[in-house]
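Given chain A, put chain D in place with the hints provided.
Protein chains: 2
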Amino acid sequence: MQRIPDYVKLVENTLAQQNFDQSPKELYAPMGYILALGGKRLRPALSLAACELFGTEASKALMPALGIEVFHNFSLVHDDIMDEADLRRGQATVHKKWNRDIAILSGDAMLVKAYQYIAQVEASILPAVLDCFSQTALEICEGQQRDMNFENREAVAEAEYLLMIRQKTAVLLGAALKIGALVAGAEMKAAHSLYEFGINAGLSFQVQDDLLDAYGDPDKVGKTAGGDILQDKKTLLMIYARELDPEGWSDLRNAQLEGNEKVSAYREWMIACGAKAKAETKRDTLLKDALEALEAAHAPDEELKNELAQFAQWLSHRDR
Amino acid sequence: MQRIPDYVKLVENTLAQQNFDQSPKELYAPMGYILALGGKRLRPALSLAACELFGTEASKALMPALGIEVFHNFSLVHDDIMDEADLRRGQATVHKKWNRDIAILSGDAMLVKAYQYIAQVEASILPAVLDCFSQTALEICEGQQRDMNFENREAVAEAEYLLMIRQKTAVLLGAALKIGALVAGAEMKAAHSLYEFGINAGLSFQVQDDLLDAYGDPDKVGKTAGGDILQDKKTLLMIYARELDPEGWSDLRNAQLEGNEKVSAYREWMIACGAKAKAETKRDTLLKDALEALEAAHAPDEELKNELAQFAQWLSHRDR
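From first to last, the protein sequence lines are chains A and D. My numbering numbers the first residue of the first sequence as 6 and each following residue consecutively. My numbering numbers the first residue of the second sequence as 6 and each following residue consecutively.
Chain A on its own, in the form it takes in the complex (with noise of 0.2 Å):
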């Protein structure tokens, strides 16, 4: 029996709880329209099965589970700000609804309501928690300010990509899973280990995203595959097609190909030069830490272990 769907199903009814309407309106508003635009709510759910991994019930860990969708929420706002984005879930962003001074500033309310939630454990826990989440906020300012220096940068090298992806989309499936476990009185070394689970799985699905971008099948991704090509993105896939080939990579660039001819073009060279076979390889050395670090958590609920496992199997070689 699978477990995780009833815990992005107790996050969506408990969310749906919350009360968004008050004044004035223009703060609270856009709160409650970005957090029900949807979106898989994973990062929550893995806080609740952290918390029944080791034998605590998971509605204990949903305050908290709250706060780090909320933040992962306002991030987005503000990301959208930023990226000057139109569209988030197919609908409009919040700084195109209304706009970009509510955007900062309700973006600025979901951050302290984010703390408001993660505060809401037992004392005894709270400064742990604490400490998580505001270092996991800190890491995740600093992954966005990278990748935004990456857009005026000539190369990056994989240290510094591989550093991005961990600040701006590991550390919080890191710290959802780790924050659970504390809850459920998990010892530091435990709750660690499944950081590390979090962190290495969430390493895994970046690196998965940047192949399913380029060799994706259009139908299932739901998108047209290249995108990142097109627009030059210093992918790890294109790092590393650049280190392996650098004289295939001047001639491509040199060739100034545009559209579909470009995208070929990448995607043959990519696999020829070695650099789709060495993105999948680390790609799967990432899920193997994963594993292993979940072992290292000693939880004794295995049998959630092992949905965890298929899980992160699953996140790392989607094909959507």
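To be clear, the hints were calculated from the coordinates, so they are not data collected in a lab. Keep in mind it's a predicted model, so treat the numbers as computed, not measured. Treat the hints with care, since some could be wrong.
[Stated by the list, open to error] Restricting the straight-line Cα-Cα distance to at most 30 Å, the calculated cross-link-like pairs of lysine-lysine (DSSO-like) are:
1) K102/D to K102/A
2) K281/D to K102/A
3) K228/A to K194/A
4) K102/D to K101/A
5) K101/D to K238/A
6) K238/D to K30/A
7) K238/D to K101/A
[Unchecked claim] Label pairs and their calculated CB-CB ranges:
8) G232/D to D11/A: 58 to 66 Å
9) F155/A to E163/D: 50 to 58 Å
10) E165/A to A90/D: 33 to 41 Å
11) S28/A to P251/D: 20 to 28 Å
12) F155/A to N24/D: 33 to 41 Å
13) D136/D to E159/A: 42 to 50 Å
14) F155/A to P132/D: 38 to 46 Å
15) N154/A to A21/D: 22 to 30 Å
16) P132/D to R258/A: 43 to 51 Å
17) Q27/D to A260/A: 53 to 61 Å
[As the list claims (entries may be wrong)] If the Cβ cut is set under 10 Å, some of the chain A residues that face chain D in the computed set are:
18) N24
19) E31
20) D106
21) A124
22) L131
23) L135
24) N154
25) H303
Beta carbons: idealized from backbone N, C-alpha and C, even for Gly.
Just chain D now, kept in the frame of chain A:
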């Protein structure tokens, strides 16, 4: 002997020791920049004063006091984006010196940093300190939103205006004092009285600010008198004047005056209709409420209590 200036110095010295020389520099350099621009450091100094008021050495409240100051500066960085302000304390604002995205993101990171400082208190009082801080932070966002909403409103009532300045300005003074008292181990009731002292002193300060803008000596205030009048800002003075003499208000509006002529006409009218006197009475009542709340805190340090009372006097009757 005056002790508040020593608290200000202690805050300045400790702030100067904080390291914002971290990576990525685009995220951290703006923090160091805005915090080095100066400011009166009143809020953190009030935290230290509140701590000593209850017999505990000021240094114990230093970290949460810095948290209050970092939070205040975060709010300036984001407000300056919304106000499209080019200058802050005579220097370029963060979004002008860097850019909008850096101002949003380093502001976000400052808010997280503020929580990291605030959390550096004994575990036994952490829940109460966090509660107070998060509630205050949320109210400050609400106050900023209300202030922005006023710009698009035809009329604003006295109660709405007082709620706005309470949230935008007064609550952070109250929270600074309350948190200092909590660090010193003061009873919740005493800490709350100190909070009320801060609220009323802050409101009184803000009413005096409105009065100075219209009637202050430009050589002392450091800016041309009548800025609020020229911008048709809905200050308490204007709210009172409009309520006391709606016909006079209509006439002045229809006259469509500009520049010095407009400032002079409104200044005279606000005296004639009794708005200036009413605002002065309100300011003095708020000061009285502040001093009563200060007494109700039953703080053991009489000398420092008297200095805080003088300080509130100065805040609400300053001529510059």
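Hint by hint, here is what the structure shows:
1. K102/D to K102/A: holds, 29 Å
2. K281/D to K102/A: violated, 41 Å
3. K228/A to K194/A: Not OK: K228/A and K194/A at ~41 Å, beyond 30 Å, violated.
4. K102/D to K101/A: OK: K102/D and K101/A at ~26 Å, within 30 Å.
5. K101/D to K238/A: holds, 28 Å
6. K238/D to K30/A: Holds, at about 22 Å.
7. K238/D to K101/A: Holds. K238/D to K101/A sits at ~28 Å (cutoff 30 Å).
8. G232/D to D11/A: 58 to 66 Å: Distance hint for G232/D, D11/A holds at roughly 59 Å.
9. F155/A to E163/D: 50 to 58 Å: holds, 52 Å
10. E165/A to A90/D: 33 to 41 Å: holds, 35 Å
11. S28/A to P251/D: 20 to 28 Å: For P251/D against S28/A, whose Cβ atoms are near 27 Å apart, the range 20 to 28 Å holds.
12. F155/A to N24/D: 33 to 41 Å: violated, 25 Å
13. D136/D to E159/A: 42 to 50 Å: holds, 49 Å
14. F155/A to P132/D: 38 to 46 Å: holds, 40 Å
15. N154/A to A21/D: 22 to 30 Å: holds, 28 Å
16. P132/D to R258/A: 43 to 51 Å: violated, 57 Å
17. Q27/D to A260/A: 53 to 61 Å: At roughly 41 Å between Cβ atoms, A260/A and Q27/D fall outside 53 to 61 Å, so the hint is violated.
18. N24: violated, 14 Å
19. E31: Constraint on E31/A satisfied, holds at 5 Å.
20. D106: Nearest chain D Cβ about 4 Å off; hint holds.
21. A124: Constraint on A124/A satisfied, holds at 5 Å.
22. L131: holds, 6 Å
23. L135: Holds: closest Cβ of chain D sits about 5 Å from L135/A, inside 10 Å.
24. N154: Holds. Min distance 6 Å.
25. H303: Since the shortest Cβ distance to chain D is 27 Å, the answer is violated.
Violated hints for the displayed structure, listed by number in ascending order: 2, 3, 12, 16, 17, 18, 25.
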